[in-house]
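A.B. asks: Chain residues, written in single-letter form:
Number of protein chains: 2
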Amino acid sequence: MAETATTAGRGANWEARRLAIIDTSAGVFAQGGYHGTGIAELCEANELGKGALYHYIGSKEELLAAITDLVMDEVLAGVDRVIAAGGSAAERLRALGAEYLDIVVRYPDHVWVLLHEFPALTGDRATDFHKRRHAFESAVEQLIREGIAARELRKTDPRLAALSWLGMHNHAYLWLKPGGRWSAKHVAAEFARIFLDGTSR
Amino acid sequence: MAETATTAGRGANWEARRLAIIDTSAGVFAQGGYHGTGIAELCEANELGKGALYHYIGSKEELLAAITDLVMDEVLAGVDRVIAAGGSAAERLRALGAEYLDIVVRYPDHVWVLLHEFPALTGDRATDFHKRRHAFESAVEQLIREGIAARELRKTDPRLAALSWLGMHNHAYLWLKPGGRWSAKHVAAEFARIFLDGTSR
DNA sequence: CAGATCCTGTACCGATCGGTACAGTAACGC
DNA sequence: GCGTTACTGTACCGATCGGTACAGGATCTG
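Protein chains in written order, with this note's numbering: chain A, 208 to 408; chain B, 208 to 408.
One thing to keep in mind: the hints can contain errors.
All copies of an identical chain are treated as equivalent in the list; a pair is satisfied when it fits inside any one copy or across any two copies.
[What the hints assert, rightly or not] With a straight-line Cα cutoff of 25 Å, these simulated DSS-like cross-link-like pairs (lysine-lysine) come out:
1) Lys392 <-> Lys362
2) Lys338 <-> Lys267
3) Lys338 <-> Lys384
4) Lys338 <-> Lys362
Rather than coming from a laboratory, the hints here were simulated on the basis of the structure.
From just these sequences and the hints, can you work out the full model?
C.D. replies: Structure (structure tokens):
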């Protein structure tokens, strides 16, 4: 569904190799930027000739889309899990933050590429991406709306509250790294506390 | 100081023309990305030949640095104003948020370029940028530390609290636009409320 | 008016851009 | 063993990359 390249008629480990290329290339893009990285660089990083590389990726932009799709798949799956789990609005916001920051830690390069290079997507790939991104943001806003309706949260502009929640969590891709100072769980708990209870004494 | 290109020995309105080029080019970079934008595109946007353009900008990267410097000058000036004004930690955080979001609205393209393309800076320009960015982030953290010391804010990890504050406000460059749904003042007030008091009822 | 200085377009540079064509090799089904 | 298909490196494409050289025009200073 999120896949542009078809798997049909491919060898047994075509898909596996493709995934490996996507992961490796995410690191290269995260380092040098999408436009700043040449095909030759990708070939070197993947230890492949141009012919072989193109056999797996189709085009440079398709490779970028594969990286962003991979992250968005995880994010939207996290949203579904949280919604399915139920609970109060506060509990679900807490859980969604933990899911999201977990993805940031597990895919630091992919997330960096997603957040920095999504404007390079064009045509259908761009609209698809925006649709899925909007779905995520709407889910957060909806959670807040429900919290307000249930009198669990105070009356606020839900869109603005969602944007502040998203800002806090999105920004983490810049400093939250695997093996770093904080765990995703810890940061998520702290952020939930700040978002819900504030920092005032 | 933040200027690499020297003004010495230039004509009367060399500096003015240079600033106009910086502003125009910020829009082009915001649209197509730094690496994604060619010199030819910049020439067209500025209605200048290559010779004329290079007479003002020195190099493509210097142009990028000029854009980021312009924003950082404003941001650090805002920090100084807020520190000079005094007041409680909460008041100063509120004021700093308003200053920052005001810059986001006044320089939407420049801020976009800054936050998206700063990794393209190299050498001294990169270290300079990181130094100034760090100064800003430290100021926020210091404000929070003081708030905790004064028992105005509850005991929290000040670094993590600062990162959440920065995330909320940095993220605004994606959706806060001049003439848009909200004013900078309004968003700043709302964000301060969320950061200080939370969203819980 | 002379001379210097600032400004600007044109032509051009070697390098690299993303992408394709294709021949050759390896692995597989039969 | 044969034919087919999957895979991969090399050579090459036109276009564009960022940047420079330079001559002539414009403008200012005396």
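A.B. asks: Confirm or reject each hint.
C.D. replies: Outcome of the hint check:
| no. | hint | verdict |
| --- | --- | --- |
| 1 | Lys392 <-> Lys362 | between (28 Å within a copy, 19 Å between copies) |
| 2 | Lys338 <-> Lys267 | within (22 Å within a copy, 34 Å between copies) |
| 3 | Lys338 <-> Lys384 | between (28 Å within a copy, 21 Å between copies) |
| 4 | Lys338 <-> Lys362 | neither (28 Å within a copy, 40 Å between copies) |
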